[in-house]
Amino acid sequence: MTPEDLHGTVLKQQAKHGNYQHVFNVCMESGCVSCNSAAVVEALEAEVKKRGLQKTVCIKRVGCLCSCAQGPMVALDKGDTLYKAVTAADAPAMLDALDKGGRVEHLDFSSKQPFFSRQLKVVREHAGYFDPEDLDDSIRVGAYEALRKAVTEMTPTEVITEIANSGLRGRGGAGFPTGLKWSTVAKNPSTPKYVVCNGDEGDPGAFMDRSMMEGDPHRLIEGMAIAAYATGANRGFIYVRAEYPLAVKRLTRAINQATRTGLLGSRIFDTKFAFEIELRLGAGAFVCGEETSLLSSIEGQRGLPRPRPPFPANSGLFGKPTLINNVETYANIPTIINKSAAWFSSIGTAKSKGTKIFAISGKVHNTGLIEVPMGIPLRDIIFDIGGGIPGGKKFKAVQTGGPSGGCIPESQLDIPVDYESLMSVGSIMGSGGLIVMDETSNMVDVARFFMEFCMSESCGKCVPCRVGTYHMHEILQRIYDRQGTPQDLALLQELCDMVKNTSLCGLGQTAPNPVLSTLRYFKDEYTNLIHSTPTTEVLP
Amino acid sequence: MTMSPTTKPPAESLTLTIDGKDVSCRSGQTILDVARENDIDIPTLCQLDGLTTWGGCRLCLVEIAGSSKLFASCATQCTEGMNITTQSDRLLNYRRMILEMLFSERNHICAVCVSNGHCELQSMAQKLGVTHIHLPYRYPKLTVDSSQDRFRLDHNRCILCSRCVRVCGEIEGAHTKDLKGRGIKTFVINDLDQPWADAKSCTTCGKCVHVCPVGALTERGTAVSEMAKRRAFLPYLTSMREH
Amino acid sequence: MLQTQLPKPPSDDKRWRIVEVTMRRQGFDPHSLIEALHAVQQAFGYVDETAMKYVASCLRVPLSKVYGVVTFYHHFTLKPQGKHTCVVCMGTACYIKGNGENIKQLSAKYRIREGQTTPDGELSLVSARCIGACGLAPVSVIDGEVVGKSSADQLIATIERKLAK
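Chains as they are written, first to last, in numbering that gives the first Met the number 0: chain A, 0 to 539; chain B, 0 to 242; chain C, 0 to 164.
Each hint should be verified, as a subset may be incorrect.
Examples of chain B residues toward chain C, derived with CB under 10 Å [unchecked claim]:
1) Thr85
2) Gln86
3) Asp88
4) Arg89
5) Val164
6) Gly168
7) His174
8) Asp177
9) Gly180
10) Asn189
11) Asp192
12) Pro194
13) Lys199
14) Thr203
15) Cys204
16) Gly205
The calculated lysine-lysine pairs, modelled on DSS-like cross-linking and capped at a C-alpha distance of 25 Å, are [as the list claims (entries may be wrong)]:
17) Lys52(C) to Lys179(B)
18) Lys7(C) to Lys78(C)
19) Lys148(C) to Lys393(A)
20) Lys103(C) to Lys184(B)
21) Lys199(B) to Lys52(C)
Below, a sample of chain A positions facing chain C; criterion: calculated Cβ distance under 7 Å [claimed, not checked]:
22) Ala241
23) Gly299
24) Leu412
If you're looking for bench data, these hints aren't it; they were derived computationally from the structure.
Positions of the beta carbon are idealized from the N, C-alpha and C atoms, including for glycine.
Go ahead and model the full structure; you've got the sequences and the hints to work with.
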């Protein structure tokens with residue numbers, strides 16, 4: 000594909016779209032598919048055909064429309080009208096409403112509520128309003144324009160400078176400056192180099208990356224291609240969990256489309272730049288989200304982490320310089336190249352730029368996928384966007400960062416969402432799962448749940464994680480079963496400190512976080528279970 | 000074979016401080032190498048000269064000034080001006096706890112062990128002053144594989160240091176041994192988790208037995224305290240390969 | 000490629016063809032071990048000794064390494080699964096919304112623990128680490144069909160329907 004071809008496709012697709020008076024965007028991501036949105040699409044298509052409206056009404060299979068719990072979701076045109084829990088039987092009514100200019104009352108889902116209005120869509124700017132399985136439709140909304148700009152108008156150094164200036168930090172959780180990572184790989188003289196995408200979204204409660212891969216696979220490919228151009232790599236790997244069959248299917252399809260049309264391969268946009276991408280499937284190991292384990296897994300080995308340094312940027316896949324970024328990080332790249340670093344860094348806080356996508360779930364009214372600017376208070380996310388706690392229950396804690404994160408209590412809800420603030424309250428940004436818990440959740444049980452997770456996901460390579468998570472889980476189980484002693488609590492704290500500081504990789508180093516944060520904010524729940532009579536110990 | 004100067008630049012000389020002592024080394028050397036050259040003792044269990052670095056036992060963790068993190072000295076290369084502490088109360092506590100974890104993980108009953116008196120775990124515990132284990136013992140029910148004519152694999156004693164796996168794959172080239180499962184359910188296996196005698200790839204060279212730091216891999220027919228290990232072959236073989 | 004002769008598949012079963020094609024596509028690269036195992040798991044529903052030996056000899060990977068990899072990853076199973084499978088998601092959102100209790104009840108009802116198959120080979124009960132459908136928590140997947148916002152009774156009803164078929 001040449002730059003002219005890309006432009007031509009955009010014009011052609013836009014013209015085609017101009018003919019439609021109305022577009023029904025039907026969500027076809029995992030959540031809505033499981034509520035049978037495929038039947039809705041078919042019913043709408045049949046109804047359109049029956050009424051002979053094929054030329055004026057378009058039925059589109061799109062990515063996530065945010066409100067996963069209300070599925071199947073349908074958005075009309077630009078999304079001013081949203082329908083929830085649509086069934087195939089509703090198709091005639093939805094088409095009838097078009098003529099009258101009204102809405103179908105019983106399906107109506109207000110698009111004006113804070114769940115939508117408080118969001119700021121940067122990475123997901125077009126998500127839900129184009130067909131991710133259709134390359135031309137993706138190009139219509141701007142796919143590959145940033146890649147064209149990067150390879151035809153910018154030098155690799157300029158691309159890296161732009162990314163560095165944007166202030167983008169890794170969206171996988173740790174928040175390492177992306178530009179710095181890229182320049183380390185770029186500076187390494189050794190070849191070949193690899194670009195790897197970490198799509199092993201293992202944190203329970205996080206599904207932003209799944210949504211990205213299902214709903215906008217071309218954006219991910221484009222981000223990786225730009226990274227490859229900037230760092231001098233010619234081969235890339237996307238590592239996806241096998242638990243995400245739809246994401247695997249759509250990515251495979253997208254890679255094939257891009258390769259067939261020359262957006263991947265050699266002489267991309269008529270330049271010397273060549274890049275190809277292969278998909279690698281995970282096989283059910285949380286530890287493979289850790290970058291060095293992920294590399295072991297791509298090499299066909301047990302997913303064991305390796306000591307760092309050397310960092311993958313210097314010695315990674317097959318011992319070669321390797322750039323590893325998370326799905327959302329790559330998805331940010333095209334926007335930064337298109338709209339400039341200055342524009343991107345105007346969003347967010349001093350140290351955390353841009354937006355973050357969160358998957359909000361648990362005991363909260365509105366569950367689903369949200370994109371918000373960095374720095375928004377946690378309270379706003381839970382009570383405005385999330386709509387608060389259902390059933391008249393009281394909020395107790397919000398869990399961020401999965402098994403590596405912590406539980407944040409009511410008293411800390413006014414902190415802004417950024418890497419440092421979350422760290423200061425004993426949690427981490429993590430990949431973006433937000434699980435809300437109400438007063439019915441027992442925090443010792445929550446800590447036990449996560450420790451059970453870490454114990455069974457520990458790879459077994461290093462002693463502190465292998466044996467330490469076992470002992471911590473035993474103690475938590477004992478306390479939860481009201482068999483614990485004050486000595487158990489002391490030992491638990493000692494183990495937390497030791498495992499955190501001595502483990503080989505991130506899994507072990509962060510495994511104690513859920514325990515430490517619940518001990519910090521909900522110590523009375525532990526002591527209540529230890530002493531038969533409830534104590535009134537003041538929280539620290 | 001000697002390295003031609005064009006393939007590798009001459010090693011740069013570095014100076015650094017270990018436990019307050021100024022030392023020098025060549026670039027590319029690990030902290031552990033340099034400490035040992037200077038008679039500074041850092042405890043290790045999984046590391047063995049001649050085998051690739053594993054970094055799993057975490058006993059060799061050291062502090063480096065300017066970082067709050069601890070570093071495995073077996074896997075960390077020296078850099079110019081590094082200021083390293085190998086002994087501190089904090090490190091000693093962690094090291095003791097690691098040994099306690101190993102003792103609690105499986106069934107280490109020294110009094111009846113053929114390796115009693117020749118065991119690295121035992122001597123390490125004595126050296127670091129581990130007098131009692133305040134973690135509850137797991138007492139797992141584990142098997143002993145005595146199918147093989149000459150050697151025995153006793154999972155009760157195994158500390159999963161992976162030395163046997165590495166020596167079998169890297170030095171002997173047989174790769175009979177590997178690890179199965181994960182986490183607390185990790186075990187050393189022969190071929191497809193078969194009785195050792197049925198593992199056709201095994202050459203019965205016995206290298207695994209002699210690199211095993213504990214009484215997990217032993218020669219048959221040894222009685223309590225009789226199983227002393229002989230390691231002289233390893234540096235010999237590695238140097239033969241390098242030159 | 001220099002391979003003198005490719006090991007023959009263990010039997011005439013056509014599914015070995017799929018496995019061979021997968022390995023061939025990767026040039027019988029030892030690094031593609033996990034891809035090959037995925038092909039076996041998908042074609043046969045499990046990875047047994049025969050399959051491990053075949054893959055090991057094609058890719059020239061030691062047997063112990065293949066076994067180590069198969070047992071490291073949860074996705075691979077050494078034994079055949081039941082005719083029907085119920086996967087209960089144990090992600091955080093599903094757990095706090097009741098799947099911890101659901102799996103206990105399923106376990107009691109069918110007298111199998113998580114990860115086991117009923118003696119008649121009809122039903123396997125499996126837990127998963129978050130299937131990424133947290134918006135519908137608590138979620139289970141019965142024979143590939145996602146069942147969201149479900150109680151134990153609803154799950155049992157669905158399973159019974161599948162078993163009756």
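The hints, checked one at a time:
no.	hint	in the structure
1	Thr85	violated (33 Å)
2	Gln86	violated (36 Å)
3	Asp88	violated (37 Å)
4	Arg89	violated (33 Å)
5	Val164	holds (8 Å)
6	Gly168	holds (7 Å)
7	His174	holds (4 Å)
8	Asp177	holds (4 Å)
9	Gly180	holds (5 Å)
10	Asn189	holds (7 Å)
11	Asp192	holds (6 Å)
12	Pro194	violated (13 Å)
13	Lys199	holds (9 Å)
14	Thr203	violated (15 Å)
15	Cys204	violated (15 Å)
16	Gly205	violated (17 Å)
17	Lys52(C) to Lys179(B)	holds (16 Å)
18	Lys7(C) to Lys78(C)	holds (23 Å)
19	Lys148(C) to Lys393(A)	holds (21 Å)
20	Lys103(C) to Lys184(B)	holds (23 Å)
21	Lys199(B) to Lys52(C)	holds (12 Å)
22	Ala241	holds (5 Å)
23	Gly299	holds (4 Å)
24	Leu412	violated (18 Å)
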